[in-house]
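Colleague: Sequence:
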Amino acid sequence: MGIVKKVDRYFGLIVASQAICVALGLWIHSRYVGSSAEWAGRKQRWQELERSLQDRQVSELVEAAETSSQPIPALHQL
4 MGIVKKVDRY FGLIVASQAI CVALGLWIHS RYVGSSAEWA GRKQRWQELE
54 RSLQDRQVSE LVEAAETSSQ PIPALHQL
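Here the numbering used here runs 3 ahead of the position in the sequence shown, where the first position is 1.
Read the hints as simulated data drawn from the structure, not as lab findings.
Taking lysine to any residue pairs in the SDA-like style, the calculated list, with each CA pair at most 25 angstroms apart, reads:
1. K46 <-> V36
2. K46 <-> Y35
3. K8 <-> Q21
4. K46 <-> S33
5. K9 <-> I23
6. K46 <-> D58
7. K9 <-> S20
8. K9 <-> A22
9. K46 <-> Q57
10. K46 <-> G28
Model, not experiment: these values are computed from the prediction.
All chains, full assembly: derive it from the sequences and hints.
Modeller: In C-alpha coordinates, the structure reads:
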(Lines of atoms letter the chains of each structure in order from A and count residues from 1; the text may use other names and numbers.)
(Lines give C-alpha, C1' and ligand atoms only; values in the text may rest on other atoms or scores of the structure.)
Protein backbone atom coordinates (compact mmCIF):
# COMPACT_ATOMS: atom_id res chain seq x y z
CA MET A 1 0.00 0.00 0.00
CA GLY A 2 2.92 2.35 0.69
CA ILE A 3 4.28 2.09 -2.85
CA VAL A 4 0.88 2.79 -4.37
CA LYS A 5 0.48 5.95 -2.28
CA LYS A 6 3.96 7.14 -3.31
CA VAL A 7 3.23 6.49 -6.98
CA ASP A 8 -0.12 8.26 -6.70
CA ARG A 9 1.50 11.24 -4.99
CA TYR A 10 4.29 11.50 -7.59
CA PHE A 11 1.82 11.06 -10.42
CA GLY A 12 -0.30 13.84 -8.91
CA LEU A 13 2.75 16.11 -8.67
CA ILE A 14 3.67 15.40 -12.29
CA VAL A 15 0.15 16.17 -13.50
CA ALA A 16 0.01 19.34 -11.40
CA SER A 17 3.38 20.55 -12.70
CA GLN A 18 2.31 19.87 -16.28
CA ALA A 19 -0.89 21.84 -15.74
CA ILE A 20 1.13 24.75 -14.34
CA CYS A 21 3.48 24.65 -17.35
CA VAL A 22 0.58 24.61 -19.81
CA ALA A 23 -1.10 27.51 -18.04
CA LEU A 24 2.16 29.47 -17.98
CA GLY A 25 2.76 28.75 -21.67
CA LEU A 26 -0.73 29.92 -22.60
CA TRP A 27 -0.30 33.09 -20.55
CA ILE A 28 3.06 33.87 -22.18
CA HIS A 29 1.62 33.19 -25.63
CA SER A 30 -1.36 35.47 -25.08
CA ARG A 31 0.77 38.17 -23.47
CA TYR A 32 3.67 38.34 -25.92
CA VAL A 33 2.57 36.66 -29.13
CA GLY A 34 -1.00 37.85 -29.47
CA SER A 35 -3.84 36.55 -31.54
CA SER A 36 -3.65 35.32 -35.10
CA ALA A 37 -5.57 38.41 -36.25
CA GLU A 38 -2.83 40.61 -34.80
CA TRP A 39 -0.19 38.55 -36.61
CA ALA A 40 -2.10 38.84 -39.88
CA GLY A 41 -2.26 42.62 -39.43
CA ARG A 42 1.46 42.81 -38.65
CA LYS A 43 2.30 40.65 -41.66
CA GLN A 44 0.17 42.83 -43.93
CA ARG A 45 1.84 46.01 -42.64
CA TRP A 46 5.30 44.51 -43.21
CA GLN A 47 4.33 43.53 -46.74
CA GLU A 48 3.06 47.05 -47.44
CA LEU A 49 6.28 48.56 -46.07
CA GLU A 50 8.32 46.13 -48.16
CA ARG A 51 6.37 47.05 -51.30
CA SER A 52 6.72 50.78 -50.70
CA LEU A 53 10.46 50.37 -50.14
CA GLN A 54 10.81 48.41 -53.38
CA ASP A 55 8.77 51.02 -55.26
CA ARG A 56 10.96 53.78 -53.85
CA GLN A 57 14.14 51.93 -54.85
CA VAL A 58 12.82 51.39 -58.37
CA SER A 59 11.84 55.03 -58.73
CA GLU A 60 15.27 56.13 -57.49
CA LEU A 61 16.96 53.83 -60.01
CA VAL A 62 14.78 55.13 -62.84
CA GLU A 63 15.48 58.72 -61.82
CA ALA A 64 19.21 58.00 -61.68
CA ALA A 65 19.05 56.37 -65.11
CA GLU A 66 17.26 59.37 -66.58
CA THR A 67 19.81 61.84 -65.22
CA SER A 68 22.92 59.72 -65.80
CA SER A 69 24.76 59.34 -69.07
CA GLN A 70 26.20 55.96 -67.98
CA PRO A 71 24.04 52.79 -68.08
CA ILE A 72 23.02 51.43 -64.70
CA PRO A 73 23.44 47.64 -64.48
CA ALA A 74 20.83 47.27 -61.71
CA LEU A 75 18.05 48.28 -64.11
CA HIS A 76 18.54 45.04 -66.04
CA GLN A 77 17.66 43.06 -62.91
CA LEU A 78 14.17 44.57 -62.62
